[in-house]
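Asker: Starting from the structure of chain A, add chain B where the hints point.
Listed below, chain by chain, are the residues.
Protein chains: 2
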Amino acid sequence: MTDTYLHHEDHIESSDLLKDIVIGMSDGLTVPFALAAGLSGAVDSTSVIVIAGIAEIAAGSIAMGLGGFLAGQTEQDHYNSELKKEYWEVDNIPQKEQEEVRIFFRELGLSSEVQEKAVIELTRDKDVWVKFMMKHELGLDEPDPKRAGKSAFNIGISYALGGLVPLSPYFFIADSIEALKVSVGITLVCLFIFGYFKSKLTGVNPLTGGLKVMLIGASAAAAAFIIAKLIEG
Amino acid sequence: MTDTYLHHEDHIESSDLLKDIVIGMSDGLTVPFALAAGLSGAVDSTSVIVIAGIAEIAAGSIAMGLGGFLAGQTEQDHYNSELKKEYWEVDNIPQKEQEEVRIFFRELGLSSEVQEKAVIELTRDKDVWVKFMMKHELGLDEPDPKRAGKSAFNIGISYALGGLVPLSPYFFIADSIEALKVSVGITLVCLFIFGYFKSKLTGVNPLTGGLKVMLIGASAAAAAFIIAKLIEG
Numbered sequence: 092m093t094d095t096y097l098h099h100e101d102h103i104e105s106s107d108l109l110k111d112i113v114i115g116m117s118d119g120l121t122v123p124f125a126l127a128a129g130l131s132g133a134v135d136s137t138s139v140i141v142i143a144g145i146a147e148i149a150a151g152s153i154a155m156g157l158g159g160f161l162a163g164q165t166e167q168d169h170y171n172s173e174l175k176k177e178y179w180e181v182d183n184i185p186q187k188e189q190e191e192v193r194i195f196f197r198e199l200g201l202s203s204e205v206q207e208k209a210v211i212e213l214t215r216d217k218d219v220w221v222k223f224m225m226k227h228e229l230g231l232d233e234p235d236p237k238r239a240g241k242s243a244f245n246i247g248i249s250y251a252l253g254g255l256v257p258l259s260p261y262f263f264i265a266d267s268i269e270a271l272k273v274s275v276g277i278t279l280v281c282l283f284i285f286g287y288f289k290s291k292l293t294g295v296n297p298l299t300g301g302l303k304v305m306l307i308g309a310s311a312a313a314a315a316f317i318i319a320k321l322i323e324g
Numbered sequence: 092m093t094d095t096y097l098h099h100e101d102h103i104e105s106s107d108l109l110k111d112i113v114i115g116m117s118d119g120l121t122v123p124f125a126l127a128a129g130l131s132g133a134v135d136s137t138s139v140i141v142i143a144g145i146a147e148i149a150a151g152s153i154a155m156g157l158g159g160f161l162a163g164q165t166e167q168d169h170y171n172s173e174l175k176k177e178y179w180e181v182d183n184i185p186q187k188e189q190e191e192v193r194i195f196f197r198e199l200g201l202s203s204e205v206q207e208k209a210v211i212e213l214t215r216d217k218d219v220w221v222k223f224m225m226k227h228e229l230g231l232d233e234p235d236p237k238r239a240g241k242s243a244f245n246i247g248i249s250y251a252l253g254g255l256v257p258l259s260p261y262f263f264i265a266d267s268i269e270a271l272k273v274s275v276g277i278t279l280v281c282l283f284i285f286g287y288f289k290s291k292l293t294g295v296n297p298l299t300g301g302l303k304v305m306l307i308g309a310s311a312a313a314a315a316f317i318i319a320k321l322i323e324g
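Protein chains in written order, with this note's numbering: chain A, 92 to 324; chain B, 92 to 324.
With the rest of the complex left out, here is chain A:
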């Protein structure tokens, strides 16, 4: 392993962490923001809004964190069970599996001659063959066992931190509509900033991306406010 390779790996790790933080925060900003806005339209007491907001943040970050962790485990189980199945197939129905390799090369537009040679060479080593089937027949990459858990934890924590932003004015301002005005201001700015960075990380135009994330948050908050107002009558 060369230094360049190590450096590259470092780069991936830190950008993964950044991605988790940005995803968690921009989601965390949206739903607690909309919930607080909705309740501001219906209840005067900010203490109820603070309790509801914190209950939502706890619920949301656990659902995202634990959900992500268990999804990661499931992905690992799924990979292992498919791997076992492919080894069995390669051992027991090799003709059928060879035919599937041939179809892959045929679909790339290669000639019968090259298809034939590629199939013979690729199916010589059983491990290479199975790995090929996993990736190109089933579209499965070997999951990183630590990655899913860490990622879920990071997203969960970031969701909680993001959720505290729209809620913070309600800690200090007694009137719910006054608190809502401050909450709207700071949250829309934060949503734009996080949408901007989220887009940069995924290689999308950051200005459009920032506006989209801001639009989602604003629509959700407006809808929650109007609906809560209507129910409260």
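I should point out that these hints are in silico values taken from the structure, not numbers from a laboratory.
Here a beta-carbon is modelled for each residue, glycine too, at the ideal position from N, C-alpha and C.
Please note that a few of the clues may not be correct.
With beta-carbon atoms standing in for the labels, derived distance ranges [to be verified]:
(1) LYS237(B) <-> SER136(A): 38 to 48 Å
(2) LYS187(A) <-> LYS237(B): 26 to 36 Å
(3) LYS291(B) <-> SER136(A): 41 to 51 Å
(4) GLN167(B) <-> ALA162(A): 21 to 31 Å
(5) THR293(B) <-> GLU190(A): 24 to 34 Å
(6) GLU207(B) <-> THR299(A): 41 to 51 Å
(7) GLU269(B) <-> GLU228(A): 53 to 63 Å
(8) LYS237(B) <-> ASP232(A): 21 to 31 Å
(9) ILE268(B) <-> ASP266(A): 23 to 33 Å
Rough simulated footprint, nothing fancy, chain A against chain B, three-plus residues with beta-carbon under 8 Å [to be verified]:
(10) 136-146
(11) 149-159
(12) 203-213
(13) 289-299
(14) 305-314
(15) 317-323
Answerer: Below, chain B without anything else, positioned relative to chain A:
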């Protein structure tokens, strides 16, 4: 297009719809459930819980629906911009792009002779070549432009319907702790059922999957209940 092909497409469409419904519902059951449970620990009036719950459902379904729709658009934009870039590269730096095709075949363990022939055949047709680079260098499949919007809509609606399950007892029972008991009962049963089907659709052991989804919901609700109780003092 043969009848068999059409039949196959039908099958995919209906299972996609089913998947959207199950994903939306099992998520919709979780967060509104936990929010209602949290508030039940802190407020006596079920009317506040109903308002908060409906505000959350509106916020969550818009965030999921609109968020999913915009993410689908972004994916399409991203695909188109990468496609343009690959055509440019194939036109302007063909040697480098041919080398990348060669590396793909080398990593499959093919001999130099077969690598060479495969590269020549594959890079003969520019469209085939670009499509290959998109899929195997960048890991991008052409997104279905209608699919993302429809899927987001289905998930959003299912989230809202799922969210009404844990909330429904609060419509009819005046005491919040009494309503919570009924809510816990029906929601855990529904979470198990939806987790069971979610796992079946994704090819995972349905019993374990059902228990996992139920566990996530129960943990989120318990945490929200305890935290709200602590804040309320």
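Asker: The structure should be examined with respect to each hint, and the outcome stated for every one.
Answerer: Hint check:
1. LYS237(B) <-> SER136(A): 38 to 48 Å: Given about 46 Å between the Cβ atoms, the range holds.
2. LYS187(A) <-> LYS237(B): 26 to 36 Å: Because 35 Å falls inside the window, the suggested range holds.
3. LYS291(B) <-> SER136(A): 41 to 51 Å: For LYS291(B) and SER136(A) the Cβ distance comes to about 45 Å; the hint holds.
4. GLN167(B) <-> ALA162(A): 21 to 31 Å: 25 Å, holds
5. THR293(B) <-> GLU190(A): 24 to 34 Å: Holds - the Cβ-Cβ distance for THR293(B) and GLU190(A), about 27 Å, lies within 24 to 34 Å.
6. GLU207(B) <-> THR299(A): 41 to 51 Å: Because 43 Å falls inside the window, the suggested range holds.
7. GLU269(B) <-> GLU228(A): 53 to 63 Å: Between GLU269(B) and GLU228(A), where Cβ atoms are some 54 Å apart, the hint holds.
8. LYS237(B) <-> ASP232(A): 21 to 31 Å: 28 Å Cβ-Cβ, so the 21 to 31 Å window holds.
9. ILE268(B) <-> ASP266(A): 23 to 33 Å: Holds - the Cβ-Cβ distance for ILE268(B) and ASP266(A), about 30 Å, lies within 23 to 33 Å.
10. 136-146: Coverage by chain A holds here, the residue count being 6 at a Cβ distance below 8 Å.
11. 149-159: It holds, with 7 qualifying residues against the three required.
12. 203-213: holds (count 6)
13. 289-299: holds (count 5)
14. 305-314: holds (count 7)
15. 317-323: holds (count 4)
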